[in-house]
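Given these sequences and hints, build the entire structure.
There are 2 protein chains.
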Amino acid sequence: MHKAIATASVGGTLEDKLQAISAAKFDGIELFDNDLISSSMLPSDVAQRCADLGLSIDLFQPVRDVEGVAPESFGAVLRYFEYKLDVMESLDAATVLMCSNATPEAIADPDLSAEQLHALGGLAQERGIVIAFEALAWGTHVNRLSHAWDIVRRADHPSVGLAVDTFHLLAKGDDASALNEIPANRIVFLQVADAPHLLMDILESSQHFRCFPGQGTLDVVSVVDAVVTAGYRGPVSAAVFSDVVRAAPAAKTALDAMRSLLYLEEQLRLRWDSTGLPDAPRPQVVLFDPPPAPPSVDSAFVEVAVRPDDKDFTDLLGQLGFRHAGTHRTKPVSWWSNGGANLILDASSDLSDHRAVALSRPEVTALCVQTVGVADLATRSTALMWPSVQRQRGAGEAMLPGLSTPSGIHVFITAPTGDADDWHNDFIPVPAEADGADEGGWLGIDHIGMIVDPGELDEEVSFYRTLFGLTSGPVSEFVDPQGRLRSRVLRPAQGDLRVVLNVTAAGRSVPTRTGVNQLAFACDDIFAAVARLRQRGVDLLNIPDNYYVDVRARFDLDYKFVGRLRENGILYDRTERGEFLHVYTQKFEGRFYVELLQRLGDYDGYGVPNTYIRLAAQAVAQRPSS
Amino acid sequence: MHKAIATASVGGTLEDKLQAISAAKFDGIELFDNDLISSSMLPSDVAQRCADLGLSIDLFQPVRDVEGVAPESFGAVLRYFEYKLDVMESLDAATVLMCSNATPEAIADPDLSAEQLHALGGLAQERGIVIAFEALAWGTHVNRLSHAWDIVRRADHPSVGLAVDTFHLLAKGDDASALNEIPANRIVFLQVADAPHLLMDILESSQHFRCFPGQGTLDVVSVVDAVVTAGYRGPVSAAVFSDVVRAAPAAKTALDAMRSLLYLEEQLRLRWDSTGLPDAPRPQVVLFDPPPAPPSVDSAFVEVAVRPDDKDFTDLLGQLGFRHAGTHRTKPVSWWSNGGANLILDASSDLSDHRAVALSRPEVTALCVQTVGVADLATRSTALMWPSVQRQRGAGEAMLPGLSTPSGIHVFITAPTGDADDWHNDFIPVPAEADGADEGGWLGIDHIGMIVDPGELDEEVSFYRTLFGLTSGPVSEFVDPQGRLRSRVLRPAQGDLRVVLNVTAAGRSVPTRTGVNQLAFACDDIFAAVARLRQRGVDLLNIPDNYYVDVRARFDLDYKFVGRLRENGILYDRTERGEFLHVYTQKFEGRFYVELLQRLGDYDGYGVPNTYIRLAAQAVAQRPSS
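Going down the list, the protein sequences come from chains W and V. Letter by letter, the first sequence follows residues 1 to 626 in the numbering used here. Letter by letter, the second sequence follows residues 1 to 626 in the numbering used here.
Keep in mind that the hints were calculated from the coordinates and are not lab data. It cannot be assumed that every hint is accurate.
Simulated crosslink set (DSBU-like; lysine-lysine; CA at most 35 Å straight-line) [what the hints assert, rightly or not]:
#1 V:Lys252 <-> W:Lys587
#2 W:Lys587 <-> W:Lys331
#3 V:Lys172 <-> W:Lys172
#4 W:Lys252 <-> V:Lys587
#5 W:Lys252 <-> W:Lys311
Stretch by stretch, here's where chain W covers chain V in the computed footprint (C-beta under 8 Å, at least three residues) [stated by the list, open to error]:
#6 224-238
#7 312-319
#8 553-561
Cβ atoms here follow ideal geometry from the backbone N, Cα and C, with glycine treated the same way.
Structure (structure tokens):
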């Protein structure tokens, strides 16, 4: 597909935008008039620059509120459009976007609108230009695709066609079936955008929360499928106007948009492969075709950058029931394990590889996931332009390709245990001590929680979605003593990997440290496990007595059971699917803490009703003593 | 009035909250159960602490979704409520809030809801406790005051009354007349909150944008008037749950809330004074009664903290047409003027008085406004608990009381010219030089623009509103190359003061410097003024040629006139009221710039349609040369 992006979707000056869009391998742009007017490049300069960069100018958007206009004001509209047609000739742009009138003065008369579009079409035709008419979801009278099509049909001019925008279409509650009645040859432009949810006012949502396809919850693929299957072969253009997107560096945004379109193409291809297209030949469109996402994804280990010989930290690991299980063949790296839970301690990693801000050790820097087809996954990652991590690979060591996520975490990919590319091969095992250092006997990594900058959330989600096919569950929100947290959980279709991304809302008084702040491990007897932790001197988070009064009342629990929860400082949750018991350590050096949890029955959550208790207890624990 | 605040409206731990609420001189609290449960203080400890701090516990909010419940689940509701009644006895709290059921499972049956509230009322009555039932604006079936009243009426229980919340009432489009049919003795609690606008989803708006009364656009006063005039004499409680509010330090938020309630009381008193209450005796309620806000507010001067003998800066002032007009009698402070525009340069001011962040000179640190009744205004400020600026006052110098705004700007108050407390008295005039340093002949300060931290915007607006009676115009938003700006303009009913507050949206890639960044001066012949500026070598912001092509097309301007605009780099705007011409200097040392403008006819705006041009030109100018 010919992939384009709106210049308004990327931050910076027009020069920055064009450079970034070209570097992300787009084929064309939608040029916004404000970007042109505020640039020192004349229209002919812009045309030349785009040609040099291999970009076509697929769409120009210089006018608004041009139909449903009072007849006495329409002369001014025509006059202004003539000026803009001159500009388009200099730009060598052949399609102009016109959106439905969104002013309170708009006149509700489809015939008037059609007549005015017809007149504008006449001017456009003289210059060989086509008008793409679009229903804004907040248009005063014309706000659905069917309204816009009605007017285009009445306008009945060869230079007046329809623009389809997935956001405007889906935001009004329509779906792909809205396209059924529309001949494909009357669709002259396709814009794609997504949105996280539709609770909010549509206009507000468009300006602040619109995101690239796949980053929200709208069924963008179905609309693109319907348009392309019907025969549309024009550009597919990412048109997103979120302030978060514009605030990010242009190069990052352009790449994010490109990956979103590539993933959209792959989804389209997989739909066609799986469902077939019984009534029509498969459209002859070249679609992104990398090795597929892995069928199953498990977590293998978490890597912590440590100071050399950091006895405070290894003592803590010992208290938690981890033992030194192996030594790396070639690097100052050690492997610690507690039953099925694995940690890698690296004293040699370069922290500046991760984030621009200064980090100090210990810091959780990487996550290793286990899949089949490691080499294919590396190829997939390259095709999606995810940046890889440079690393030395010693003789006989596992391939272990590494990638850097947008938030700066590294993700390594290991083959299953026993395979040549299994990470275990890189370590010389240390036998368990004869005197039997008491391992905790934990089950493994349950989930990893991290704080992500709000501006990086969508891109971080894209990493896990486009590369591994992880999907993101519903957003949870909760209040902490300094503001509000918003949380998204990523899960694979198969496998035990769970990644929890938290963003903090704007305006916090306490600056938030981004990065991994939570390592959650599972066990199968939390009462016994907590007893051992306390015996070894682990300082668990203090839970107030009031909590147990409430938890007993809330769940009508047996008072003896509540007594055991209270004695052990264990938090409790229950749903119809099962029960959840969990404890937290204090934050280690203010950076991350360990959660130990037990799932009973089919409980699939994270104890979110207790989050405010954890946050309040952490706030108290972190308070400078006075 | 008895003034209360919800603990959820303030950030920090419960201990922090109570301390801050007491310090801001509140009479009582609404206690949120989560704040209690996550506290290490037992309920009896909380009761004692509140008593020690002089706070009553006016309301407790421990249960939700208690009516419209399936009969088989209602036993659990009663049981849970019994537990919470035990807690209330320990707290010594006499009123419990119950909100309408907001779950999808809520049953639409007013008789069932009434029966369930009646049963809950029975339990409450045994403990001498009253239920305040409230319609949440997002309640599934019960979401208007009239619905809630219908159910309370049907419940027909002496321990079941109604809670009125201005936000929930007004957010649904109702107004004070919704109270007409409700007997005042059935209203058992009054919560007050405001919101900036109602475009967005109500729930989203409540969680993130709800603000203290007077900080939004809802007619809170009318509702409070109706409730109090009807005979309600209970607490008036500020119930705001915005994350911005919670993110701020507790002490700051509590004071902000208190000022909002004091100002609300004053507005109520002024209503009663002005309209009278023909049908009823005036309610016997003690209301806040400070000296009134001044009738008229003008801008007098702007103060800049400078380095001693900063020749770069005074050279720039000279280029701009300012001349050294006076020397302070006792301090290293000089007065510069250009026609009616006055700047005070202070080499001695302490920058750490203004903001916690390190500032460097030159920095715009203060603004002086001119009113009558300076001493009364100082009294008013003290009554509103606005912090004053400590300053030395020499013999014979003007009183010039100074206040510190929440964002750290100082505001001085001067009497009119010629009065004993006129600021001019503090300076020994410097006669104009014989060789006639060419003054610019500007008219005066048109407006002052500053960037405010988003978390401080509401409080900054409160400063100007509560102290001077300034009102805030509609919010404008515009896009800049790094994100989005939101702008609010403050104006007095009479006088020429105009303050423009800008906040930047979340997620900007470039950290924003807060403080005054724009000094706008008016002139009466911008072509002549610009010619003089250029002659003196002032480097004005470069406006791209494309702008003039567009401005000509947009306004159908004469090409010769557009040519003059372009030659002089002047921006243009026009409305039905008049025309606006303006230019900008480059930013001085990256901190602030000067705008020179001319208003024609009754143009009352700020050239907002040109803001994107200024922002883009500034972004180019500030780019490191490469």
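The hints, checked one at a time:
Pair hint Lys252 of chain V plus Lys587 of chain W holds up; C-alpha atoms about 28 Å apart against a cutoff of 35 Å. Between Lys587 of chain W and Lys331 of chain W the CA atoms are separated by roughly 28 Å; this keeps the pair inside 35 Å, and the hint holds. Taking the CA atoms of Lys172 of chain V and Lys172 of chain W, the gap is near 22 Å; set against the 35 Å cutoff, the hint holds. Straight-line distance between C-alpha atoms of Lys252 of chain W and Lys587 of chain V comes to about 28 Å, which keeps the hinted pair within the 35 Å bound.
Restraint check for Lys252 of chain W and Lys311 of chain W: not satisfied, since their Cα atoms lie roughly 39 Å apart, outside the 35 Å limit. Only when three residues or more bring their CB closer than 8 Å to a CB of chain W does the claim for the segment 224-238 of chain V stand; here the count is 0, and the claim is violated. Counting residues of the segment 312-319 of chain V whose CB lies closer than 8 Å to any CB of chain W gives 0, so the stated coverage by that chain is violated, three being the minimum. For the segment 553-561 of chain V, the stated coverage by chain W is satisfied: 3 residues place a CB nearer than 8 Å to a CB of that chain, which reaches the threshold of 3.
Going through the hint list in order, the structure does not satisfy hints 5, 6, 7.
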